[in-house]
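> Next come the chains, spelled out residue by residue.
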Amino acid sequence: MQTRREMLHHSAAVAALLAGTGLLPTAAQAAWNKSAFEAKTLAECVKALGGGVPAESKDVSVTGPDIAENGAVVPVGCASTAPGVKRLLLLVEKNPSVLAAVFDVTDSVDANFNTRVKMGQSSNVYAVALMNDGRALYAVKEIKVTLGGCGG
Amino acid sequence: MKTASLCAGLLALAGMALAGPLAAQTKSAADGIAEYRAMLADGNPAELFEARGQELWKTKRGPKNADMSQCDLGKGPGVVKGAFVELPRWFADTQKVQDLESRLLTCMTTLQGIEAKAVTEERFGRGEQRHMEGLVAWISAESRGMKMNLPQSHAQEKLSYEIGKRAFFYRGGTHDFSCASCHSAEGQRIRLQDLPNLTKNPGDGVGFAAWPAYRVSSGELWGMQRRLNDCFRQQRFPYPGYASDVTIALGTYMGVNAKGAASIAPSIKR
Amino acid sequence: MADPMRIRAQVAGDKATVRVLMSHEMETGLRRDGAGALIPAWFIQEVSAAHNGKTVLNAQWGPSVAKNPFMQFSVRGAKAGDKITVMWKDNKGDSRTDEATVS
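Residue numbers (numbering that gives the first Met the number 0), protein chains in the order written: chain A, 0 to 151; chain B, 0 to 269; chain C, 0 to 102.
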């Protein structure tokens, strides 16, 4: 017969094991979505995040330079003017890791985020808005990447 | 006669029409790069190195457990503001013309007791070189916006300039390159990189006035020593010694030529 | 302990524009070192930000984010003197929290 202390210790150990598998319901902060970050296409990624079939929309914008002098650092931005945006995503189509970032939109921030990605080659960059009603809207822009100087 | 001139006219028009879109294409690529650079200007990761350097200056280190507050960069012990734009210059205590990194090396060895080899033989981006990167980032930042104003009053400073000039034009290595091969004329370019003319003042924030810089391609802060080291590599020259006389002389040559150019160091580069 | 972030938070109308520079390798796990061995993946996975203690941003990042990452966002209703806190956590479990005051 386990003592109360032993039982608590045991359930803590089990909880720790379960947490490692990502099967426990997550608390306020979402655990890292491995399947979304391993997705190889826009559709696959959006599906892993629970969104519908992605549709191009003027309510979403992706910003960035037309040409990057070096693919190591490319400034990009994702934004949406539509109401009811739950999340904004940034994807680099030709990268081995297609999904670059997921931003949760709350009432306290603008649905507008900027960051910098690395791009292995010229590629389409997508900004995707995952809406509260399940829709997935996107905008796309091609960013060319060059290799400058004497070969880097 | 009329047909000939008509043909010539048509050809000329065709020539202009062809040149039009081509010119537009080249222009937009250069504009595109300028736009890219502008987008990165805010939030230069060099700031992370500046923060490190600022801390390091005040940190007691080395066998002598001393900080750098007594380090004389040319304007008196501990004076950092404005020092960057007056280097290289001659120093009485070492009886040498020294650039920023060689001067920091002097301070690190004499004030802190750090072994010179720990700096000069370390790979860029590692160990003591990493500390050097932080220091040059912060020290150059403290002169941001100030104009290059290297002294040329001491005989050694003038000599350093002349040696630098000879070194700049010296052709050697397997490809017979010199610094001048790339950097002695207007409007030269390698792929999309404009090559500044370093035989004169190339303008604010260009050339000597733009280094140290955060190099996005390697994600590292490059001091002038590393920049020169890489130039030597690209010319297929043997690597120069770290803070060697020839590198200091080249710095003197470029820095004096850039007199009046506003420094933007540490800047951001591809 | 990782290097501190550089956080700038500036009032812009009824919001504050927050710009963050983080010091991190953001290693993809696909590169090889001089000896040919794979350099292990090491990158920031979670980012969050708070305004006066209240969480306003949660983000998940992958290795496609650039080295020494930069991030910019706007916090609604932030005023001069308010506190902005930013936290990141990487795939090795290392984390960093830094704070700035809105100016």
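Warning: the hint list may mix true and false statements.
[As the list claims (entries may be wrong)] Calculated pairs, DSS-like style, for lysine-lysine (alpha carbon to alpha carbon, straight line, at most 27 angstroms):
{"no.": "1", "chain 1": "A", "residue 1": "Lys39", "chain 2": "C", "residue 2": "Lys53"}
{"no.": "2", "chain 1": "B", "residue 1": "Lys146", "chain 2": "B", "residue 2": "Lys63"}
{"no.": "3", "chain 1": "C", "residue 1": "Lys91", "chain 2": "A", "residue 2": "Lys57"}
{"no.": "4", "chain 1": "A", "residue 1": "Lys85", "chain 2": "C", "residue 2": "Lys53"}
{"no.": "5", "chain 1": "A", "residue 1": "Lys85", "chain 2": "C", "residue 2": "Lys14"}
Simulated from the structure, these hints should not be mistaken for lab results.
> Hint by hint, note whether the structure agrees.
Taking the hints in turn, this is what the structure says about them:
Proposed proximity of Lys39/A and Lys53/C is contradicted: the alpha carbons are some 35 angstroms apart, above 27 angstroms. Using a Cα cut-off of 27 angstroms, the hinted pair Lys146/B and Lys63/B is violated, with the two alpha carbons roughly 35 angstroms apart. For the given pair, Lys91/C sits about 39 angstroms from Lys57/A by alpha-carbon distance, which is inconsistent with the 27 angstroms threshold. For the hint linking Lys85/A to Lys53/C, the alpha-carbon distance of about 18 angstroms falls within 27 angstroms, and the restraint holds.
Taking the CA atoms of Lys85/A and Lys14/C, the gap is near 20 angstroms; set against the 27 angstroms cutoff, the hint holds.
Checked against the numbered hints given earlier, this structure breaks hints 1, 2, 3; the rest are met.
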